[in-house]
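With chain A fixed as given, assemble chain B onto it according to the hints.
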Amino acid sequence: MSRNWQPEFEKLVDEHQSMVFSLALRMTGDRGLAEEIAQDVFLELDRHLNKIESPAHACFWLRRVAMSRSADALRKRRVRGVDLWVEIDENHGAQAEEHASPLGARLEQLLATLPEPQRAALVLRYQEDLTPEEIAATLEQPVATVKSHLQRGLKLLRAKAASHLREFIRPGKRIGGSLSDG
Amino acid sequence: MDDFEQELRRALERRLAPLSLKRKVMERRRWRRMQLHGHAALWQRLAASLLLVAVLGGAWKWRQAEEERRRGEAAREQVLTALRITSHALDEVNSRLAAHDRAGQE
Numbered sequence: 019m020s021r022n023w024q025p026e027f028e029k030l031v032d033e034h035q036s037m038v039f040s041l042a043l044r045m046t047g048d049r050g051l052a053e054e055i056a057q058d059v060f061l062e063l064d065r066h067l068n069k070i071e072s073p074a075h076a077c078f079w080l081r082r083v084a085m086s087r088s089a090d091a092l093r094k095r096r097v098r099g100v101d102l103w104v105e106i107d108e109n110h111g112a113q114a115e116e117h118a119s120p121l122g123a124r125l126e127q128l129l130a131t132l133p134e135p136q137r138a139a140l141v142l143r144y145q146e147d148l149t150p151e152e153i154a155a156t157l158e159q160p161v162a163t164v165k166s167h168l169q170r171g172l173k174l175l176r177a178k179a180a181s182h183l184r185e186f187i188r189p190g191k192r193i194g195g196s197l198s199d200g
Numbered sequence: 591m592d593d594f595e596q597e598l599r600r601a602l603e604r605r606l607a608p609l610s611l612k613r614k615v616m617e618r619r620r621w622r623r624m625q626l627h628g629h630a631a632l633w634q635r636l637a638a639s640l641l642l643v644a645v646l647g648g649a650w651k652w653r654q655a656e657e658e659r660r661r662g663e664a665a666r667e668q669v670l671t672a673l674r675i676t677s678h679a680l681d682e683v684n685s686r687l688a689a690h691d692r693a694g695q696e
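The listed protein sequences derive, respectively, from chains A and B. Each residue of the first sequence is one higher than the last, beginning at 19 in the numbering used here. Each residue of the second sequence is one higher than the last, beginning at 591 in the numbering used here.
Please note that the accuracy of each hint is not assured.
[Stated by the list, open to error] Heads up, simulated EDC-like pairs for lysine to aspartate or glutamate below, C-alpha to C-alpha not over 16 Å straight-line:
1. A:K165 <-> A:E134
2. B:K614 <-> A:D64
3. A:K173 <-> B:D593
4. B:K612 <-> A:E54
5. B:K612 <-> A:D58
6. A:K165 <-> A:D147
7. A:K94 <-> A:E134
8. B:K612 <-> A:D64
9. A:K173 <-> B:D592
10. A:K94 <-> A:E54
Don't read these hints as lab results, they were simulated from the structure.
Bound conformation, chain A alone (with noise of 0.2 Å):
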């Protein structure tokens, strides 16, 4: 890789900053442990800015230390014995106000009752518009293992808006006409 490019810190947090609060927002369902996860990882991006090779290689360590930062989160939280669904649920609730489609609230908080590993890939896959491979990179997981999450994450939460988004489905049309699909 080409070491003439030079990583200038405030340009990176002003281009990334949307994509690493959105990450930890839908890791962690908090807006404020978001807001101070996405702090940290920048601050951790200072210190590791020698090491920072390209454009490309900042948002894929940025997207990696995000996801890895919210799990810690909330791994530390369940030590804590917060009951983060009903948390989640919670502040999801309060978020939906800033959706404009009222669908893609409903839709965002169920997203955030799938477990972590499902919820994780969803996330990469469906916000940051990565592939499997990239994923799996992102996470440090087999590729096999990535796919698998994708799945069986897609099919909870298709399972889970058939039964609670009814109200959105119109007569003759499912939702994206898949709603219930396996």
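Just chain B now, with coordinates in the frame of chain A:
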């Protein structure tokens, strides 16, 4: 990608980060750098103090050794002087004895 996945993609569009995020990151970064700079200055002062102590200790040690060497040299000079005096006295005694012997033979 089916319609459900398209809907999911729309639902999972990136959210705007809070406006305060960048400011907080830059403040924490500045604070951390100041602390690092403070630690670095502390270590530099400590290293400079240790160096000064080492230099002073070395100088004192060198001065002690030099003093010791100078005293040894003086003692050696004294011994040599004493030996020279003794040698001179012995030569004197020897020449007097030789003169005495010569007088006895005549």
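Against the structure, the hints come out as follows:
1. Only pairs whose Cα atoms come within 16 Å are accepted, and K165 (chain A) paired with E134 (chain A) is accepted, the gap being roughly 15 Å.
2. Straight-line distance between C-alpha atoms of K614 (chain B) and D64 (chain A) comes to about 14 Å, which keeps the hinted pair within the 16 Å bound.
3. Restraint check: the Cα-Cα separation between K173 (chain A) and D593 (chain B) comes to about 14 Å, which is no more than 16 Å; the hinted pair holds.
4. Restraint check for K612 (chain B) and E54 (chain A): satisfied, since their Cα atoms lie roughly 11 Å apart, inside the 16 Å limit.
5. The suggested pairing of K612 (chain B) with D58 (chain A) holds, with an alpha-carbon distance near 12 Å, which does not exceed 16 Å.
6. Straight-line distance between C-alpha atoms of K165 (chain A) and D147 (chain A) comes to about 14 Å, which keeps the hinted pair within the 16 Å bound.
7. With a CA separation close to 14 Å, the supplied pair K94 (chain A) and E134 (chain A) stays within the 16 Å bound.
8. Restraint check for K612 (chain B) and D64 (chain A): the C-alpha separation of about 13 Å stays at or below 16 Å, so the hint holds.
9. With a C-alpha separation of about 13 Å, the suggested pair K173 (chain A) and D592 (chain B) falls inside the 16 Å cut-off, and the hint holds.
10. Proximity of K94 (chain A) to E54 (chain A) is assessed by CA-CA distance (about 14 Å); at most 16 Å being required, the pair is judged to hold.
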